[in-house]
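Visitor: Each chain, written out:
There are 2 protein chains.
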Amino acid sequence: MALIVQKYGGTSVGSVERIKNVARRVAKWKGKGHDLVVVVSAMSGETNRLIALAREIQPHPDPRELDVVAATGEQVTIGLLAMALMELGLKARSYTGGQLRVLTDSAFTKARILKIDEESVRRDLTEGYVVVVAGFQGVDAQGNVTTLGRGGSDTSGVALAAALKARECQIFTDVDGVYTTDPRVVPEAQRLKKITFEEMLEMASLGSKVLQTRSVEFAGKYAVRVRVLSSLTPPELPVEEEAVSGTLITIEEDADMEQALVAGVAFNRDEAKVTVLSVPDRPGIAYQILDPIADANIEVDVIVQNVGNEGMTDFSFTVHRNDLKRTLDILQKVRVHIGAREVIGDDKICKVGLVGVGMRSHVGVASKMFRALAEAGINIQMISTSEIKITVVIDEKYMELAVRELHKVFDLDQPQ
Amino acid sequence: MALIVQKYGGTSVGSVERIKNVARRVAKWKGKGHDLVVVVSAMSGETNRLIALAREIQPHPDPRELDVVAATGEQVTIGLLAMALMELGLKARSYTGGQLRVLTDSAFTKARILKIDEESVRRDLTEGYVVVVAGFQGVDAQGNVTTLGRGGSDTSGVALAAALKARECQIFTDVDGVYTTDPRVVPEAQRLKKITFEEMLEMASLGSKVLQTRSVEFAGKYAVRVRVLSSLTPPELPVEEEAVSGTLITIEEDADMEQALVAGVAFNRDEAKVTVLSVPDRPGIAYQILDPIADANIEVDVIVQNVGNEGMTDFSFTVHRNDLKRTLDILQKVRVHIGAREVIGDDKICKVGLVGVGMRSHVGVASKMFRALAEAGINIQMISTSEIKITVVIDEKYMELAVRELHKVFDLDQPQ
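Residue numbers (my numbering), protein chains in the order written: chain A, 681 to 1096; chain Y, 681 to 1096.
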């Protein structure tokens, strides 16, 4: 018997039938004596419909009013789910973000949770209620409706689990967990039973977006156990089986003693490489190049500067492919000013990364990675490393090959 | 320059284009220096869609949760209208019932307004904002979302006008005012420039539902001037013209000195007549007949009991046609118990009524009415009178004829 927070996304509550399925799943857990708090998203498509409506009125909708409109999506779902639970004979009560006093800052459409008043939830749980909470939304100190931005319902679930000190936050999605890599690229990809928050963040930064990044950060900060599991399994799956299904995201100490060296292989082909060739190697050069890019609101990822040679150096970084043209335009102007020879762009690249907290205590992961790529005839264009991640930029045509090779070399093809 | 509350119903905000029209109309009034508070309903069809969704989950939806779901309809509209006003360069801010602390009792789906916290509205108005408020909804003392029931947005508008001591509550509808009778029956029907609250209530009780009855009661109680006017006129109609258009519903003293004898002719063919024949004329008989009907939640309207004859009397009343069969079933059981001879039902009847505060001080209205009906060859089955209304029950096939005759006899065909 424990307090469990469950979060169901838009697809899981996308129709009346699916809402009834969610209710059956909740009832099953409740039937085992657990206390249940259920966080839900808007029915799939609903948030987009509401935003489109707003844009018909105002091409750039006022953020405060957009939140007023968008927050209704989740409000509909909580009412419907509470009804579905009652229909199964359970006691249930719904709360909007405002009613629960999910206090956020006032950054409309991308607010951050500051505090949750969990008192009413505790009282309801004591009285045997299933508490149903609207994800994605909160209220600021002035009583304005706020939303947390896309994927914010994950964060709502984790924040509630933290405030209530729940045993676990179960996030039901349309995938059954986190994989060693994308199964569409490597059919042998294995589901990870456990992964640390840091690994999860690094995987996400490489494009493996099972959970919203902010929710993972939040979970890490407050040490909330998060389990990603599938809402597509039959609701009647025994609790004992479901409780250990999916992937548990946890702090490092909770992870297995024999932590695998590498948790997974992530990749991303949405980026383009920009290189500034033969630029004078003097202090402030990186700032002079990147500052105008940042001013243009262009996000820069991997940055590499080689050691200078004869007072000159090459400076490379990656940006989103959609931003490549703008970036090159900006740099053409900067080029003259900083005395660089040439600026070149390449959008036929991809990033491939190895992620694993085990790397910290093991040497040789990088060299093993580079050898595997070399043996596959793949040239490495850029390298960037962090404590638990090694990223390479390569020609995009080798992406699948690189991912498959690395997946095999690091024994990720085998069941855990 | 005055404080004006405007209320727009579902049809008036039924599409993006119509919401933009509402914004233009509001901007026009604001442009004349008035302070504007705008109350809106859900976009037409939306409340029905939400209730249907709830019924798919629970055939008899939990009232608390139904209100959570239904209240989202108005919340969408307030955000969209606030955006549309900003798009026209105005300052605007939206409020849900909960945000404005429209305090109601906890009778979910049919809550009554107890109090409105008008402070934030006043502050916004001082700062030049147009305040946009979600009609139909409130919040109870425990913070639960409540709704006021169908047509509740009218009441929201009137209650706000009362709390803010607004000069006028303008209710924009798809008709351009209150008529002497239904123009579909009598093409000569005239728009009334003024009508008293009491007349309005009596007209409504006879089926002429321009405004929700409760909103009229509320307006009467707090002496709020209410104007019914059309949202179908071009938004560009000059303020001076619009300000005197439609029908003003007001307290008697405000009405014209030369108050017409009769304000209008109302009618209703949704009812059926039930007669209990030859029942012993003794105390408690009405109670014994009507109590089981009330227990079955059947609403009873006109009740007539004739003076007894030889210790026996006949007892008649009307119910909604849909309730006739149930009523007769109940009375068959009661009949034996009270010793009545027979119970008969007739669903081929209609009610026709004359309404006017002028009747109070004028004798002869009833006899003029009965004579007109007699001259048209119409037999009167039941008569019921109040201070400002005379209702007759007649064969439904004479309804149009009766209405036309009375409309003519009381000079309602002429422009005011």
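Think of the hints as simulated: they come from the structure by calculation, not from any bench. Wrong hints could be hidden among the right ones.
Any copy will do: because identical chains look the same in the list, a pair fits if it lies in one copy or spans two.
In silico DSBU-like links for lysine-lysine, alpha-carbon gap of 35 Å or less [to be verified]: (1) K1048 <-> K1088; (2) K1088 <-> K1013; (3) K1028 <-> K771; (4) K1013 <-> K771; (5) K845 <-> K1077; (6) K1005 <-> K901; (7) K1013 <-> K874; (8) K771 <-> K790; (9) K1088 <-> K873; (10) K1088 <-> K712; (11) K1048 <-> K790; (12) K1005 <-> K845; (13) K712 <-> K901; (14) K889 <-> K1048; (15) K795 <-> K1048; (16) K708 <-> K1028.
Visitor: So, against the hints stated earlier in the document, which numbers end up violated here?
Guide: 2, 3, 4, 5, 6, 7, 10, 11, 12, 15, 16
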